[in-house]
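Asks: Spelled out, the chains give:
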Amino acid sequence: MKIQKILNILTLLTGAIAVTSLSLWIGKQSYSWLPPQAAAESLLIDDLISFLVTLGAFIFLGVTSTLMYSVIFHRAVKDDFTDGPPIEGNITLEVVWTAIPILLVLWIAGYSYQVYEQMGIQGPSEIVHLHNPLGMESAYAEPKDAPANALAEPVEKIDVLAKQWAWVFHYPERDITSTELHLPSDRRIRLALKSQDVLHGFYIPAFRLKQDIIPNHAIDFEFTPIRPGKYRLTDSQYSGTYFATMQANVVVESPEDYQQWLAQAATQKPSIANNQAASEYAQTSHQSVQTGWVTVPPAAPPLVNSPG
Amino acid sequence: MTNVPIEGILLPDEKHNHESPSNWKEYFSFSTDHKVIGIQYLVTSFFFFLVGGIFAMVMRGELMTPESDLVDRTVYNGMFTMHGTVMLFLWTFPSLVGFANYLVPLMIGARDMAFPRLNAVAFWMVPVVGILMMGSFFVPGGPAQAGWWSYPPVSLQNPTGNLINGQVLWLLAVAISGVSSIMGAVNFVTTIVKMRAPGMGFFKMPLFVWAVFSAQIIQLFGLPALTAGAVMLLLDLTAGTAFFDPAKGGNPVMFQHYFWFYSHPAVYVIILPVFGIFSEIFPVYSRKPLFGYKVVAVSSMLIAVVSGIVWVHHMYVSGTPGWMRLIFMMTTMFVSVPTGIKVFAWVATIWGGKMRLNTPMLFALGALVMFVFAGITGIMLSSVPVDVHVNNTYFVVGHFHYVLYGTVTMGLFAAIYHWFPKMTGRMYSESWGKIHFWLAFIGTNLNFLPMHPLGLQGMLRRVASYAPEYQFWNIIASLGGFLLGMSTLPFIFNMVISWMQGEKAPANPWRAIGLEWLVSSPPPVENFEETPIIISEPYGYGKSERLTANLPE
Ligand code: HEM
Ligand SMILES: [Cu+2]
Ligand SMILES: [Cu+2]
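So the protein sequences, as listed, match chains A and B. First residue of the first sequence: 1, per full-length UniProt numbering; consecutive thereafter. First residue of the second sequence: 1, per full-length UniProt numbering; consecutive thereafter.
Be aware that a few hints might be false.
Computed cross-link-like contacts, BS3-like style, restricted to lysine-lysine with a CA-CA straight-line distance of at most 27 Å [said to hold, decoys possible]:
1) Lys-230/A with Lys-269/A
2) Lys-2/A with Lys-354/B
3) Lys-504/B with Lys-78/A
4) Lys-543/B with Lys-163/A
5) Lys-543/B with Lys-78/A
6) Lys-504/B with Lys-25/B
7) Lys-5/A with Lys-504/B
To give an idea of the chain A side of the interface with chain B (calculated C-beta under 7 Å), a few residues [claimed, not checked]:
8) Ser-65
9) Lys-210
10) Gln-268
These aren't lab readings, by the way, just hints derived from the structure by calculation. All figures in this text were calculated on a predicted structure; none of them were measured in a lab. C-beta: ideal position from N, C-alpha, C; glycine also.
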């Protein structure tokens, strides 16, 4: 009897250790499931994801291994048609089991809150004027332990115009337009997001950042790119027939290269940019056999200094 | 506490013969018997499950390659819109209502629903919804293409210029389905409150009844919002009003509030009855009482209440200010507390039991495991910073398919197998059932697990074409999808053959405890010769008590 008890505790202990170390390992792996970390915000978010994956793996493995154990060892013997022990409940166990998820939820929410505050990504400007304790306006003055420059005053202000189905970027200081989004690295960026027609979504997976763009709403969006390279901007809010084609290049470069690009683009005459939606539309509408249903025609391809 | 069945609710002319339906015709004609209506719901919704499945196969076919090459973009957009709509409004809702219809009166010892005619009318609106939806494929411009949530302004764009277009038909269909659901909700709530057998206090009701009760209460407070939103959108589309049209000064985000105020709770309207099914199945096949019965019952109600204040988690990035994002993050996360309690209760019920892995138990166990997975990705989604990254990506698609296929659809299959002998009077084939289970379980995971890495890498939902680096996981997902499609074949085969020539089923083939198992299989019209008098709690496994004072057991 005694030995049985010790054996049970040992099994439980081994199981717990195995589940814990496996979930820690899975949590570490989670970084490799994500795109390169190209913005300061992505460092924060990836840590949060890894934490949630670790915790989630622990819960999942805990529950499934308990179930698997039951499936293997608590099976009815072939001809045994009797019932199991009629246990209906156990108050202590139920209280503990309610307290655990409550504590976990508070922990997860607290950590998420902290990350969100450090990101300071802004939002729709009309509503931000409400001054309430959770205003979430970036407190530029106090960088805390946020990554370098994450909460600095934005230096680059760029207008983003979304339409069916193209992105147009306007650099107001030099009055340049482009279909490629160029950004200086390690500088706080503020985008003014606008839509000409329907809802669109500004999303750069490598930055882990996303914001819907709503017609007639002024939406400011802030972040800090940190890693030079070429990334993709996609439309994340379904915007009609050619939704999937609404993409653009994002080029993060050193501030010097960025200034050089601006200067060079300023010398160029505006020309018509390539646009996948427009060219697909032109093709299908000339087919003699129409397979597709009618669609909203794409907006005119943008006229830009730098067609990218 | 218990109410006696109301006199006079059953009209005398509806008490005809005491035989159960004996031929096919009765199942396909107007009937007010809750059991016939239940089966009508189940058969109709399963038909639409196959229709929605075909749309899904087309989509997974398109997504085998990065380019948009199998179907036109307009066709693809119509496919995902109709797939989502059909699966939600014509498969999960009506099939669960079908089970509720069949089981609730039996489980509470009533002879029928409180309003049998209303019940029949509510059912016959479902085929109307289906005809409108399918009819939209034949109007100029094709079916609705704005996604199952139909956000304006995309849903307000009408390139055909015709008044009869796919989007208008879609909105009409959704509104009718809402009316049908409201009728159903009134009927269920009345039936459960008023028609329980003597002795059946609220805390002696089976947990499936508790779950249906909670779910139908959500319908009552939520559906008016959805219906209002749909009507306003319809007016914008046809009469030129400007509720949501930004070009005329309307606010498209308002529509999202109307929509999600109902449509988040709607996911609990779907999942709660499945939780109820789990609570019925685990005790039978583990031969133990349900662990923590009262807590599980109350947690259904708690989920129904909390689900009313979480809708903004679908709108974190649609121009929602920070304070609101964080408040709704808290409420969303708190849903996991009553949910966690339930999961714990099921695991504790199974623990130390004498388990038999019949097909219903396999499906229920598989569904439970996949629900735990979905709950974990749900918590990740509720965290604002994580949602900012994965919102509208395949991560979300993976999450809700683990819920809607992994949990709800698998749970429905568990229920179909479990109550098949009761409903048809025949046994199904275990070996075909197990083949179905394994194909479906493997297919579900192959299909939906790869969606999580895809979403984390940034692949968007609702795209007909994608960057080549996403192809690998998409091929796996498509193969899993085709396997899932195939997994329904052994199921159909089993159901049809067994219904026609399966072994005759006894009244209680699983030795289960519950009123529905005390009547013959299939039960007679009006269920009980004399009203049962309940004298003990449900789930008395291992206690050898009598459930009723008067019925032979
Ligand atoms: C553990 C409980 C759950 C949590 C914490 C949870 C959380 C969430 C969150 C936060 C989203 C929004 C994600 C986004 O839009 O980016 C979401 C989406 C979704 N969830 Fe859940 N969920 C849970 C359970 C369910 C259940 C029970 C169902 C259905 C039966 C469900 C179905 C869906 C669907 C269909 C979507 C997608 C909506 C859309 O974007 O079209 N979820 N879930
Ligand atoms: Cu767009
Ligand atoms: Cu929701």
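Asks: Each hint: holds or not?
Replies: The hints, checked one at a time:
no.	hint	result
1	Lys-230/A with Lys-269/A	holds (24 Å)
2	Lys-2/A with Lys-354/B	holds (24 Å)
3	Lys-504/B with Lys-78/A	holds (23 Å)
4	Lys-543/B with Lys-163/A	violated (68 Å)
5	Lys-543/B with Lys-78/A	holds (22 Å)
6	Lys-504/B with Lys-25/B	holds (21 Å)
7	Lys-5/A with Lys-504/B	violated (47 Å)
8	Ser-65	violated (11 Å)
9	Lys-210	holds (5 Å)
10	Gln-268	violated (28 Å)
Going through the hint list in order, the structure does not satisfy hints 4, 7, 8, 10.
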